[in-house]
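This is what each chain is made of:
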Amino acid sequence: MNNQEKLDFIKTTIDSRFGIRGDVSPESNLIELGLDSLDIVELQIYYEEQFSCELPDPENPILTIRDLMDIM
Amino acid sequence: MKIHHVTDLSNVAVVDILKNGLSGCTDESSIKNYHPDFSNDPANLFYILNDPNGRYQNGDYLVLEEDGIYICSTGWNEYEYDRSIALVMTRTYINPKYRNRYYLGTLLLPEILSAVNGNYQKIWMTCNQHNKSIVKWFERNAAGKKTNLFAKWPAIYENFKPIGMHTIYFTEQYIMEWSPDE
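Taken in sequence, the protein lines are chains A and B.
Residues 602 to 673 in this note's numbering are what the first sequence spells out, letter by letter.
Residues 185 to 366 in this note's numbering are what the second sequence spells out, letter by letter.
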């Protein structure tokens, strides 16, 4: 999955599952977008189920869309 | 910040804070349980608090506020259909402006567990299909997988283990049971 595909996946998912639209870019902060800790859990689990994989543990907490893309 | 304890609607000041806070609940799947406009609905928190036989008569409902602003609230009650069970984190709501700060896990849940631990054979946290992502967090934790992709949840949650589904108040609910390490 290239970066654009990752971004498209994330944007589509947070739109369909959380109703978050608008200006979503790699620099977008997850909390500022309106996601909370449970939403991130749901996002993580959805990704892992879709691609039959397990996301690795990040060295630092995921704060932005780009942080999420980096571990996908 | 201050934690208030209510079991009915008699503390008008706290109830007003609660009403103001829960007026912000607009999610269609939960509005009837929380929004004060639905206080005639038997499932609504304000109906329950107003009921002289309401569940919090054998329990407690905790409201966290700061300077009169609602932050979050949650309750516990003895399960009247099986009095060996205490249900915790019931009717939980968090002001969206105060999410991701883990006030429930750091401030309210410890108080609840202090009240019920040792007094009930089982301490259960329940959720339904709508909140199934909560269950998945607990399943991951129980499987020894990391759960801190976003941030580390308070350690207190790690002692709740998923035990499947049970009928609670006539609906099938996912159950997480309090199982503290010896």
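It should be emphasised that the hints constitute simulated quantities derived from the structure, not laboratory data.
Since the model is a prediction, treat every value here as computed from it, not as a measurement.
Here a beta-carbon is modelled for each residue, glycine too, at the ideal position from N, C-alpha and C.
Among the hints, erroneous ones may be present.
The calculated EDC-like cross-link candidates involving lysine to aspartate or glutamate, where the alpha carbons are at most 20 Å apart (straight line), are [stated by the list, open to error]:
#1 B:LYS329 - A:GLU633
#2 B:LYS316 - B:GLU212
#3 B:LYS316 - A:ASP637
#4 B:LYS306 - B:GLU323
#5 A:LYS612 - A:ASP671
#6 B:LYS330 - A:GLU633
Which residues of chain B face chain A? A few of them, derived with a C-beta cut under 10 Å, are [as the list claims (entries may be wrong)]:
#7 LYS203
#8 ASN204
#9 SER213
#10 LYS216
#11 ILE278
#12 ARG283
#13 ASN284
#14 TYR286
#15 PRO294
#16 ASN315
#17 LYS316
#18 ILE318
#19 ARG324
#20 LYS330
#21 LYS336
#22 TRP337
Quick rundown of the hints versus the structure:
1. Distance hint between LYS329 (chain B) and GLU633 (chain A) is unfulfilled; the C-alpha atoms sit about 27 Å from each other, more than 20 Å.
2. Only pairs whose Cα atoms come within 20 Å are accepted, and LYS316 (chain B) paired with GLU212 (chain B) is accepted, the gap being roughly 16 Å.
3. As the CA atoms of LYS316 (chain B) and ASP637 (chain A) are separated by approximately 15 Å, the hinted pair is consistent with the 20 Å bound.
4. For the proposed pair LYS306 (chain B) and GLU323 (chain B), the alpha carbon gap of about 19 Å is at most 20 Å, so the pair holds.
5. Straight-line distance between C-alpha atoms of LYS612 (chain A) and ASP671 (chain A) comes to about 15 Å, which keeps the hinted pair within the 20 Å bound.
6. The hinted pair formed by LYS330 (chain B) and GLU633 (chain A) fails the criterion: a straight-line CA distance of about 24 Å is larger than 20 Å.
7. A cut of 10 Å between beta carbons decides the hint on LYS203 (chain B): the least distance to chain A is about 23 Å, and the hint is violated.
8. A cut of 10 Å between beta carbons decides the hint on ASN204 (chain B): the least distance to chain A is about 21 Å, and the hint is violated.
9. For SER213 (chain B), the shortest C-beta to C-beta distance to chain A is roughly 13 Å, which exceeds 10 Å, and the interface hint is violated.
10. With a cut of 10 Å, the hint placing LYS216 (chain B) at the interface with chain A is violated, because the nearest CB-to-CB distance is about 20 Å.
11. Among the interface hints, the one on ILE278 (chain B) holds; its C-beta lies about 8 Å from the nearest C-beta in chain A, closer than the 10 Å criterion.
12. Checking ARG283 (chain B) against chain A: minimum C-beta separation of about 4 Å stays under 10 Å; hint holds.
13. Contact between ASN284 (chain B) and chain A, as hinted, is supported at the beta carbon level, the nearest pair being about 5 Å apart and thus within 10 Å.
14. The beta carbon of TYR286 (chain B) is positioned within 10 Å of a beta carbon in chain A (closest approach about 8 Å), and the interface hint is therefore held.
15. Because the closest C-beta pair between PRO294 (chain B) and chain A is about 18 Å apart, greater than 10 Å, the hint is violated.
16. Hint status for ASN315 (chain B) relative to chain A: holds, with the closest Cβ pair at about 8 Å, below 10 Å.
17. With a cut of 10 Å, the hint placing LYS316 (chain B) at the interface with chain A holds, because the nearest CB-to-CB distance is about 8 Å.
18. Because the smallest distance between the Cβ of ILE318 (chain B) and any Cβ of chain A comes to about 6 Å, under 10 Å, the interface hint for this residue holds.
19. Proximity of ARG324 (chain B) to chain A holds as hinted, the smallest CB-CB distance being about 8 Å (cut-off 10 Å).
20. Hint on LYS330 (chain B) holds. Least Cβ distance to chain A is approximately 5 Å, under the 10 Å limit.
21. Interface restraint check: LYS336 (chain B) against chain A, minimum CB-CB distance 8 Å, threshold 10 Å, status holds.
22. At about 7 Å, the closest approach between the beta carbon of TRP337 (chain B) and any beta carbon in chain A falls short of 10 Å, and the interface hint on this residue holds.
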